[in-house]
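Top line first, the protein sequences correspond to chains A and B.
Numbering of the first sequence is given in the working numbering, commencing with residue 11 and proceeding in unit increments.
Numbering of the second sequence is given in the working numbering, commencing with residue 318 and proceeding in unit increments.
It is worth saying that the hints were derived from the structure and are not from the lab.
The reader is advised that the hints may include incorrect statements.
[Said to hold, decoys possible] A short, non-exhaustive set of chain A residues, derived as facing chain B with CB atoms under 7 Å:
#, residue
1, His-31
2, Val-270
3, Arg-348
4, Met-355
5, Met-356
6, Ile-392
7, Arg-393
8, Gly-395
9, Ala-398
10, Leu-427
11, Asp-429
12, Gly-434
13, His-492
14, Ala-495
15, Ala-496
[Unchecked claim] Listed below are the simulated DSS-like cross-link pairs for lysine-lysine, each with C-alpha atoms no more than 25 Å apart in a straight line:
#, chain 1, residue 1, chain 2, residue 2
16, A, Lys-485, A, Lys-500
17, A, Lys-485, A, Lys-466
18, A, Lys-452, B, Lys-554
19, B, Lys-614, A, Lys-316
20, A, Lys-452, A, Lys-417
21, B, Lys-321, A, Lys-36
[What the hints assert, rightly or not] Some chain A residues well away from chain B (every beta-carbon gap over 12 Å; in silico):
#, residue
22, Thr-117
23, Asp-399
24, Ala-525
25, Lys-538
Built from N, CA and C at the ideal position, the CB exists for glycine as well.
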Amino acid sequence: MSAATKAIEAGHIWTFPGGIHPPERKDRSNSTPIEVLPLAKQFIVPIKQHSGPVGDLLVAVGDNVKAGQPLTQVGINNALPVHAPTSGTVSAIGPGRIAHPSGLTDTVITIDADGNDEFYSFAPLADYTSLSRAELLDRIRQAGVAGLGGAGFPTAQKLALQRPLDYLIINGVECEPYISADDRLMREHAQTIIDGTEILLHIAGCEKALIAIEANKPEAIAAFEALLPNYPQLALRVVPTKYPSGGEKQLIQLLTGRQVPSRGLPIDVGLVMQNVGTAYAVAQAVLNGKPLIERVVTVTGDNIAKPGNYWVRIGTTVAELLNQCGFEPVADSKQEQRVIMGGPMMGFTLPDLDVPVVKITNCILVPSNQELAPAAEEMNCIRCGACADVCPAQLLPQQMQWLAKAKDYDGLEQQNLFDCIECGACAYVCPSEIPLVHYYRKAKAEIRNIAREKAKAEVARERFEARQERLEREKQERLERHRKAAEARKKAQAEAVAQGGDNPQDAVQAAIARAKARKAAQAAAAAKQNQEGDDE
Amino acid sequence: MTFKIAASPHTHQRRTTQQVMRWVYLALIPGVLVQTYFFGFGVYIQLALALFTAWVAEGLCMRMRGRPIGHAWQDHTAIVTAVLLAVSIPALAPWWIIVMGTAFAIVVVKHVYGGVGQNLFNPAMAGYVLLLVSFPVQMTSWPIPAELAQIQVSITDTLNLIFTGFTSAGYNLEQLRMGIDGMTMATPLDSLRNDLNHQLTLTEALNKPIFGDIAGIGWAWVNFAFLAGGLVLIKQKIISWHIPGGMLVGLLVPAAIYWLFNPDQAITPMLHLLSGATMLGAFFIATDPVTAATSNKGRWVFGLLVGFIVFAIRTWGGYPDAVAFAVLLANMCVPVIDRYTQPIAYGHGGRS
């Protein structure tokens, strides 16, 4: 065992550079148990809620569905299904606004609830070890489980990577301020999370899992400490409270001292990470056959009368959720009111509330302008370097800001723009209130666009050249064919003459001679006429 | 129903540029007080002149550039420039010295380059160097510490001196700078350099009233006061320790080595540390973020470079003190320093 592995086993916690300590404000939502809210009348289920292609539709308008019934099917390239959140009728399938920073639309399935909340039949599984790895992966896929931590990466796809694995890391850090969904889930459902972790270990063929929790969640830590003695293959790791210690790359650095190579994956350094919510969903999927149709969502902020955590069915609109939690927009402040999906550091604002909660929605934050003051006017950068001091990726944010403003994309690549995890720590500390992350996102999009355009132009050029080549080749072939045909004809003639037959050339010569004679006769006649005219 | 759209993060640590700058000039107060104690009320008049000039120059420049004037006044960077220049020049220098220097610093060094954040050179130090090379006599005529002076100077006299060149009793600055022995008194560094250049030994050179016990009467205390203010800035995380640390190490180590090999002909390390603008330079001038290197490693290198240049100019150069030149020379090297001290980003083979 190497020294590094020994240190990991001994529970050594490394550190990562930078990081910030914004006000946590988790106590507003984490003191009460997760509540179940009355079902909504209507649900909007986007068919794409994970990263990857979408599955084919299984239902049509007018169909009756039950809770948990698949609405789309598992497809190639890890297309995941979505499921009906409750029983009711499919009333529409078509484009609708989805939860996206740019307010994009996508295909959504609208379900009018019948109020009975009848469940589809699920097949529980007594002993998951009786199934093969592929069968278990399929079970997870069929349940539509995608990473609940943020990116919505299909869980089965992560587990299907057949590579040597040192550790499975279960991420219960939840470093983003305000959010306590994972915290409450860990306090109340530690056993299910452990069950899910065991299944994940079994599928991944991995020996050991590290469960990471931030030090500011003593109750969650206690819940796991009480259970973990029975599970020697699981180990608890308490990480210091610092944002963004829950970022995948940062947590890997904290627990193992390793760094995921630039543009690589955790599996490149022998690790796989899953969120605690995902572990819970995996347990539900494998043990109970229950698909992912609900999740814990933190609803919090000064303008929420009943802040707390709620079991929310996927597809519930934000408007409905906020209604039930007592959203009180301050009068005449609608233009100033922000509704944030996600946390204050990495969440995005919603232009309107008709968008649904999806698999990756962990928080709806409705702050007053006192608790989270709106951004002040951007001032000039004074190169103070506060941003570089807090950057967990060891980048130089202010240099990147100059380059982004100057549209120097080569310079940005040199500054490793794409290693930016957009955690927002730089913008948080910037004394000039420069929206740094915003500039980086724009530059990243621009660079991706340029790369796409370039690839497109390259393809077009190749196709053009291929076409030119083909045309040239066909021309040559045609000429060759003609040449050969002419040769064959000449040869045939020559043979015919040699065998004493008519030479076609003779006929041609005769015709030419006839034509010449006729022309000469005509010319002579004309000359004669002219002469006669002159004589008169 | 439409809600407000904003880019993440939606929360912000409320430390603005204005607050950063305010900390800087508040931390200068101990130094200013001590300087006033030893060198008289002239310091305040220089401060007032510098602040007024900076305020007018900043406003005019913003107006000519078609930018909101309020912005520039609000960020308080001009205040810091004005204060730094005011405490750097002799307290009884004629009024047009500070006005010219401040105006040059704000108009040419700052705004011509594009305003706050865009200047290559530290404005206060560029202003100082302009004055030093143009008006060497006025710029090196430091009043002698009050306890060594023959004639005590009142507030009225100070005003008269600065604006007319003579006190009401008709003394001029040269006469006021006479010591008890009737000799014009130079600053410790100035005096030492002259004497060492005239083949005196260090012991002989230090045998002058100006040196007092530690490192020059008045000057040592002024340096202590700036050191105290600087430590507050580090404690408050307004500046990082890398630049001051680098500069003091960069000055002290070569100075100590040179002094060990040359004990009779070199300025003592203590004198290097506690005289001239050493502490002011280390904590307040070299730390100007705009013109310094950006990464911590870069700041180290930058500080070391400033310190070494200070040592080199004090030892072999033509000027008694060197902080301004050192800072400007190091400013020129910043792009190169930044280029070679870029930290290894996460996932690029660095060790954690």
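Hint check:
no.: 1; hint: His-31; in the structure: violated, 9 Å
no.: 2; hint: Val-270; in the structure: holds, 5 Å
no.: 3; hint: Arg-348; in the structure: holds, 5 Å
no.: 4; hint: Met-355; in the structure: holds, 5 Å
no.: 5; hint: Met-356; in the structure: holds, 6 Å
no.: 6; hint: Ile-392; in the structure: holds, 5 Å
no.: 7; hint: Arg-393; in the structure: holds, 5 Å
no.: 8; hint: Gly-395; in the structure: holds, 5 Å
no.: 9; hint: Ala-398; in the structure: holds, 6 Å
no.: 10; hint: Leu-427; in the structure: violated, 10 Å
no.: 11; hint: Asp-429; in the structure: holds, 5 Å
no.: 12; hint: Gly-434; in the structure: holds, 3 Å
no.: 13; hint: His-492; in the structure: violated, 63 Å
no.: 14; hint: Ala-495; in the structure: violated, 66 Å
no.: 15; hint: Ala-496; in the structure: violated, 68 Å
no.: 16; hint: A:Lys-485 <-> A:Lys-500; in the structure: holds, 23 Å
no.: 17; hint: A:Lys-485 <-> A:Lys-466; in the structure: violated, 28 Å
no.: 18; hint: A:Lys-452 <-> B:Lys-554; in the structure: violated, 31 Å
no.: 19; hint: B:Lys-614 <-> A:Lys-316; in the structure: violated, 49 Å
no.: 20; hint: A:Lys-452 <-> A:Lys-417; in the structure: holds, 10 Å
no.: 21; hint: B:Lys-321 <-> A:Lys-36; in the structure: holds, 24 Å
no.: 22; hint: Thr-117; in the structure: holds, 24 Å
no.: 23; hint: Asp-399; in the structure: violated, 7 Å
no.: 24; hint: Ala-525; in the structure: holds, 87 Å
no.: 25; hint: Lys-538; in the structure: holds, 98 Å
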